[in-house]
Every structure is written in structure tokens, then in C-alpha cells.
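Engineer: In case you want the letters, here they are:
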Amino acid sequence: MIFSVETWHITVFSLAVGLASTLVILPFGVALAWLFARRDWPLKSIVETIVLLPLVMPPVSTGLILLKIFGRRNPIGQWLYDRGIEVVFNWKGVLIAMAVMSFPLLVRSVRTSFSEVNPRLEQIAATLGASGLRIFFVITVPLAYKGIVAGALLAFSRALGEFGATILLAGNIPGRTQTLSLAIFNFVQTGKDPEAYVLLGITVSLAFVFVWCSEWLLRAGKKA
Amino acid sequence: MTISKFARMAFSWLTVILFMLSVPISARADEVLVSAAASLTDVLGDIGKAYQLKSKHKLALTLGPSNFLARQIDEGAPADIFFSADLAQMDLLEKNGRLEPGTRRNLLSNQLVVIVPANSKLSVASPKDLMKPEVKKIALADPAAVPVGVYTSKYLADEGLWNKVKPKIVPVLDVRATLASVESGNVEAGFVYKTDAAISQKVKIVFEVPIEKGPKITYPLAIVRESKKKEAARDFMNYVLGSTGKAAFKKYGFVVLD
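Top line first, the protein sequences correspond to chains A and B. Position 114 (the first sequence) corresponds to 114 in this note's numbering; numbering is contiguous. Position 5 (the second sequence) corresponds to 5 in this note's numbering; numbering is contiguous.
Just so you know, the hints here were simulated from the structure itself, not pulled from any lab data. Predicted, not measured: the structure shown is a model, and the values here were computed from it. Errors might be hidden in some of the hints.
[Said to hold, decoys possible] Calculated pairs, BS3-like style, for lysine-lysine (alpha carbon to alpha carbon, straight line, at most 27 Å): (1) B:49 to B:251; (2) B:204 to B:128; (3) B:229 to A:92; (4) B:204 to B:166; (5) B:228 to A:68; (6) B:202 to A:192; (7) B:95 to B:202; (8) B:95 to B:136; (9) B:204 to B:49; (10) A:192 to B:228; (11) A:68 to B:137; (12) B:202 to A:92; (13) B:137 to A:192; (14) B:194 to B:137.
[What the hints assert, rightly or not] The calculated label-pair distances, taken between Cβ atoms and stated as ranges, are: (15) A:57 to B:171: 16 to 26 Å; (16) B:185 to A:216: 33 to 43 Å; (17) B:157 to A:47: 39 to 49 Å; (18) A:194 to B:210: 57 to 67 Å; (19) A:12 to B:49: 20 to 30 Å; (20) B:258 to A:175: 28 to 38 Å; (21) B:202 to A:4: 16 to 26 Å; (22) A:74 to B:225: 31 to 41 Å; (23) A:43 to B:118: 56 to 66 Å; (24) B:251 to A:74: 39 to 49 Å; (25) B:251 to A:216: 47 to 57 Å; (26) A:43 to B:228: 37 to 47 Å.
Beta carbons: idealized from backbone N, C-alpha and C, even for Gly.
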């Protein structure tokens with residue numbers, strides 16, 4: 001049977017962790033994107049570059065850095081380990097790898113949509129006595145929400161496709177940390193091409209839908 | 001029934017129930033996590049299934065290139081057993097004190113073979129035939145990092161051919177990528193393990209590197225020193241080293257050394 005229990009399990013697991021990772025990075029990504037779009041601060045360009053790095057670095061090297069940070073030999077990894085939080089070879093590792101790899105896409109998209117909000121509207125709100133936080137939630141976010149959702153969808157799609165950082169940080173454990181991408185790798189490794197193509201079909205369909213929705217929202221956002 | 005007899009019966013029942021409750025505590029069922037080279041996926045899957053039928057312990061695998069796996073264990077990843085496709089990776093962990101002393105066994109060997117697309121007319125009687133002009137590209141897993149690539153470059157160097165063949169080498173990710181590029185006909189030949197050549201119908205073996213001439217290919221396994229489930233890990237390792245385990249490896253084309 002092509003659509004086996006395992007296939008469903010892998011698909012649901014990938015979607016669930018991908019969704020969780022997108023929800024985790026969303027508030028940070030939106031806040032950072034706003035700081036990039038609306039504020040000038042020292043070393044801003046340096047921080048912007050660092051945030052974008054996972055987008056262009058080989059995912060395996062990002063994975064290696066994450067493994068160093070969260071492994072037991074590192075104080076951070078040891079601290080977490082002592083508190084019973086295992087990241088390496090655990091679904092939390094999958095989440096972290098996905099989050100780090102998709103974060104730049106989120107920030108970039110949201111930043112662009114914030115830049116397209118006319119600052120005069122915010123200034124007018126300020127002259128009417130609205131606080132900074134109020135302006136952000138009542139003016140800026142509603143005007144940019146299509147871009148925010150589009151960025152989140154793009155980040156989610158990237159998370160679903162994550163491979164290099166995931167296999168290094170979370171391992172490739174069927175039923176526990178194996179995502180669609182890792183399962184495709186495993187099936188190809190063991191010469192099970194038909195099974196690999198089923199998962200490939202699922203991955204391509206999901207990616208198509210999410211990227212298409214993201215693009216559609218961006219176009220709709222431009223017209224508005 | 002007297003009260004004392006009833007009390008005795010109740011007491012003995014209670015003893016039995018308490019005993020039953022205590023069993024899972026004294027004989028804990030653990031899940032052994034084996035960090036294994038991707039080329040061992042199928043055979044360990046089979047062995048694992050058979051093992052779980054007769055053992056209280058469970059088996060989980062994490063699969064990938066041996067150099068990734070060694071890196072993870074070196075960083076303290078919670079694997080119980082490391083099963084490498086390469087001595088160098090195991091040596092590295094041994095040197096860094098990551099292995100449980102006395103548990104390492106060099107269990108399996110494999111043979112290097114030259115493969116060509118199934119419909120190819122190319123014949124390779126000796127490695128020198130790779131110099132033929134019709135062989136334009138040879139796929140090989142990265143000779144700088146991946147074990148099969150390292151072994152092949154060493155073998156060709158021993159034959160005095162590496163520097164001449166090197167310009168034709170297309171370094172690819174791993175054995176499977178080698179198989180895929182030969183299957184597609186994008187390269188004229190490739191070097192893989194005999195066990196890997198067996199899983200594809202679209203390639204054929206044209207040359208087997210003689211075991212005594214080729215570099216010694218070894219799959220070692222050992223228990224990880226930081227494992228928290230050593231008793232279960234030992235139990236599984238004994239099973240792998242036993243007759244059932246060895247028979248499974250032979251079935252998949254491995255040479256059993258130990």
C-alpha cells in the first residue's frame with residue numbers, strides 16, 4: 001500500500017513540527033522585521049546580515065553549528081540536558097533546525113511589507129496620541145498583515161523542506177525525528193524509489209500550495 | 001473458610017500482584033538507539049524486527065553518513081551503539097574516549113565494485129580499463145570525506161592510477177548518488193560497494209576489486225560510553241554478533257569478519 005500508516009505519520013509529523021516552528025519564530029520575526037524597517041540602530045546592518053546567513057550558508061554547516069551549541073559538550077546543551085530537555089536526536093531538534101533555517105525568509109518578507117506601509121499613517125496616529133505599541137497593532141500590522149501571512153507561509157514551506165540541519169541536529173530516526181525530507185533521503189539511500197516518489201509527490205504538492213498562497217497574498221497586498 | 005485462611009490467601013494474592021508489578025522495574029524494557037551508516041538500513045531493519053520478537057527491548061535506528069554520525073556522538077548525542085561504515089570514524093571516537101572500553105568489534109566487510117549502466121557495452125577487466133577514452137566520467141562519493149570515496153581513491157593510488165583517473169572523477173554526495181548517476185547514464189562508470197550495487201536493477205557489476213588487493217573495508221560497531229542503556233545495548237550487540245545476526249548480514253551481501 002502506497003499511502004501507508006508510516007506515510008501519514010511522516011506527513012503529519014512534518015506539518016505539525018513545521019507549524020510549531022513557524023508559530024515560534026513568528027513573534028520574533030515580526031518584531032525584528034519592524035526594527036529593521038522602522039528603526040536605525042548601531043550595527044543594524046551587521047545583525048541583518050547575520051539573520052540572513054542561514055539562507056545562503058550550506059544547511060549542513062548551520063546544522064554543525066547547532067549541534068555544537070546543543071550538544072552535551074557545550075555549556076548550553078549541558079544546561080538543557082541537566083534539566084531533562086534533550087534537543088539532539090529529539091523532535092525539539094527538528095523544530096530548532098526548521099526555525100533557524102526558515103527565520104530569514106520570514107524576516108525578509110515581513111520587513112518588506114512593513115516598509116510598504118506609509119509611515120505618515122503612523123505619524124498621524126502618533127499626533128492623535130496613540131502609543132507606539134497601539135500604532136503597531138492598530139495601524140502597522142493590519143496594513144502589513146498580508147505580507148506577514150505570506151512570509152509565515154514561505155517560512156513554513158522552507159521548514160517542510162529542511163534537510164541538512166535537521167539530520168545533523170535531530171538525527172534521522174523513523175517514527176521520532178524523521179520528516180518528509182529525511183524519509184525521502186532514506187528511501188533513496190536504500191533503493192526504494194517508488195516510496196521516495198510518493199513522499200516526493202506529497203512534498204511537492206504541499207510546497208506548491210503554500211508557496212502559491214504566499215505569492216497570491218503578496219500580489220493582493222500590493223494591489224490594496 | 002476461616003478468617004485466617006482468607007487472610008493468607010489475600011496475602012499470597014497481594015504478594016503475586018506486587019511481584020508482577022515489580023517485574024517491569026527490575027527487568028526494564030529499554031529502547032536501544034543504534035546510530036548506523038545508511039548502507040545498513042535494510043539489514044538492521046530486518047535484524048531489529050527479529051530481535052524485538054524475542055526480546056523485551058526495542059530497537060530504534062538513526063541513519064546517515066558515518067562521518068555525520070561520529071560527529072553527533074562526539075558532541076554527546078544520546079546514541080547507545082555506533083555502527084560505522086568506516087574505521088576512521090570509529091577510531092576518532094575511540095581516541096576521544098567516547099566508546100565503552102572492550103565493546104568494539106570489527107564485524108563486517110564489503111567489497112568495492114565498478115558498476116556501469118545495465119545496458120552499457122563497457123568492459124572493465126582491470127582498473128586500467130578506466131583509462132579508456134570512452135570512459136569520460138566516473139562517479140565517486142566524495143574521496144575527501146565519505147568512506148567509499150576514501151577507499152576507492154586509496155585503492156586506485158595503490159594501483160598507480162589515481163592521478164590519471166582523478167580528472168574523470170565526479171565527486172558526489174554518497175553511494176546512492178553514485179548509483180543514481182550511473183543509472184541515469186550521466187557517467188560511464190562508478191565505484192560502489194557490492195551490497196549497494198545489488199539494490200539497483202539498472203546497473204551491473206563489471207569489475208570486483210579482489211578482497212586481498214583492495215583496501216580493507218571494515219564496518220566496526222561499539223557501545224557508546226555515555227549510553228544510559230548499556231545492559232540493553234549489550235543484549236542487542238550479542239544478538240547482532242550471534243548466528244541470526246550474522247546470517248542476515250550474509251543475506252545482504254556483506255562479508256562477516258568476526
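Engineer: Can you give the numbers of the hints that this structure goes against, from lowest to highest?
Structural biologist: 7, 8, 9, 10, 11, 12, 18, 22
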